[in-house]
Amino acid sequence: DSGVTQTPKHLITATGQRVTLRCSPRSGDLSVYWYQQSLDQGLQFLIQYYNGEERAKGNILERFSAQQFPDLHSELNLSSLELGDSALYFCASSGLLSQETQYFGPGTRLLVL
Amino acid sequence: AQKITQTQPGMFVQEKEAVTLDCTYDTSDQSYGLFWYKQPSSGEMIFLIYQGSYDEQNATEGRYSLNFQKARKSANLVISASQLGDSAMYFCAMIIMDSNYQLIWGAGTKLIIKP
Chain A
7 DSGVTQTPKH LITATGQRVT LRCSPRSGDL SVYWYQQSLD QGLQFLIQYY
57 NGEERAKGNI LERFSAQQFP DLHSELNLSS LELGDSALYF CASSGLLSQE
107 TQYFGPGTRL LVL
Chain B
283 AQKITQTQPG MFVQEKEAVT LDCTYDTSDQ SYGLFWYKQP SSGEMIFLIY
333 QGSYDEQNAT EGRYSLNFQK ARKSANLVIS ASQLGDSAMY FCAMIIMDSN
383 YQLIWGAGTK LIIKP
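Keeping their order, the protein sequence lines are chains A and B.
Counting from 7, one number per residue, gives the positions in the first sequence under our numbering.
Counting from 283, one number per residue, gives the positions in the second sequence under our numbering.
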């Protein structure tokens, strides 16, 4: 158990809908990262937050947005969903002392029908 | 451009044998880190081992060791005395320290341990 929690574990929705994925980092970790793992594109970095502030953006679509709250949990919002958004979405967190090592949550498996 | 290459899409290894998973990387930055993660069929991503670019000794964590050859830009994972539970996807990843700490991933190697 990495200490990072993600909810829900599985999500099935229809095209055009909007969903919210939630992540709670390990206790004390200030950085939260979101990654998408799909069959055709592999693992891709989406976005990073550090102590509530957006720090870096990767290959995140405009239909996707994220935020990190004062209690450090983070949410990834996916809207106008398309079939191609079906993927495993990971949240990871890292701490001050070992900022490099990212510990991953169990992931949210999203299926868009 | 930063890139991670894993040239072995899949490997079969006999139980109790040692196995080496290949990883080469490309970066012009001097300060970087290399990781190996394990992803079992259940889907979670498990951190195995980390090597910093300035670390002179190869990293070891139990049965895992990282064979770091900086001049060759390789960071192979060695698993000693393989077990059935080692069957999984293994990903090599790189982080650039002066950047935003995002992980750059290889395509992965599917390792199957045969009894």
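Everything labelled a hint here was simulated from the structure, so no lab data went into it.
Note that the structure is predicted; figures quoted are calculated from it, not measured.
The reader is advised that the hints may include incorrect statements.
[What the hints assert, rightly or not] Heads up, simulated DSBU-like pairs for lysine-lysine below, C-alpha to C-alpha not over 35 angstroms straight-line:
(1) A:Lys15 x B:Lys392
(2) B:Lys396 x A:Lys63
(3) B:Lys285 x B:Lys392
(4) B:Lys298 x A:Lys63
(5) B:Lys298 x B:Lys355
(6) B:Lys298 x B:Lys396
(7) B:Lys355 x B:Lys392
(8) A:Lys63 x B:Lys285
(9) B:Lys285 x B:Lys352
(10) B:Lys298 x A:Lys15
(11) B:Lys298 x B:Lys285
(12) B:Lys392 x A:Lys63
(13) B:Lys355 x B:Lys396
(14) A:Lys15 x B:Lys396
(15) A:Lys15 x B:Lys285
(16) B:Lys352 x B:Lys392
(17) A:Lys63 x A:Lys15
(18) B:Lys298 x B:Lys392
(19) B:Lys355 x B:Lys285
(20) B:Lys396 x B:Lys285
(21) B:Lys352 x B:Lys396
(22) B:Lys298 x B:Lys352
Structure-based check of all given hints:
no.: 1; hint: A:Lys15 x B:Lys392; in the structure: holds (23 angstroms)
no.: 2; hint: B:Lys396 x A:Lys63; in the structure: violated (41 angstroms)
no.: 3; hint: B:Lys285 x B:Lys392; in the structure: holds (19 angstroms)
no.: 4; hint: B:Lys298 x A:Lys63; in the structure: violated (43 angstroms)
no.: 5; hint: B:Lys298 x B:Lys355; in the structure: holds (28 angstroms)
no.: 6; hint: B:Lys298 x B:Lys396; in the structure: holds (9 angstroms)
no.: 7; hint: B:Lys355 x B:Lys392; in the structure: holds (22 angstroms)
no.: 8; hint: A:Lys63 x B:Lys285; in the structure: holds (18 angstroms)
no.: 9; hint: B:Lys285 x B:Lys352; in the structure: holds (15 angstroms)
no.: 10; hint: B:Lys298 x A:Lys15; in the structure: holds (34 angstroms)
no.: 11; hint: B:Lys298 x B:Lys285; in the structure: holds (32 angstroms)
no.: 12; hint: B:Lys392 x A:Lys63; in the structure: holds (29 angstroms)
no.: 13; hint: B:Lys355 x B:Lys396; in the structure: holds (30 angstroms)
no.: 14; hint: A:Lys15 x B:Lys396; in the structure: holds (30 angstroms)
no.: 15; hint: A:Lys15 x B:Lys285; in the structure: holds (30 angstroms)
no.: 16; hint: B:Lys352 x B:Lys392; in the structure: holds (25 angstroms)
no.: 17; hint: A:Lys63 x A:Lys15; in the structure: holds (24 angstroms)
no.: 18; hint: B:Lys298 x B:Lys392; in the structure: holds (17 angstroms)
no.: 19; hint: B:Lys355 x B:Lys285; in the structure: holds (11 angstroms)
no.: 20; hint: B:Lys396 x B:Lys285; in the structure: holds (31 angstroms)
no.: 21; hint: B:Lys352 x B:Lys396; in the structure: holds (32 angstroms)
no.: 22; hint: B:Lys298 x B:Lys352; in the structure: holds (29 angstroms)
In the structure shown, a violation is registered for the earlier hints numbered 2 and 4, in ascending order.
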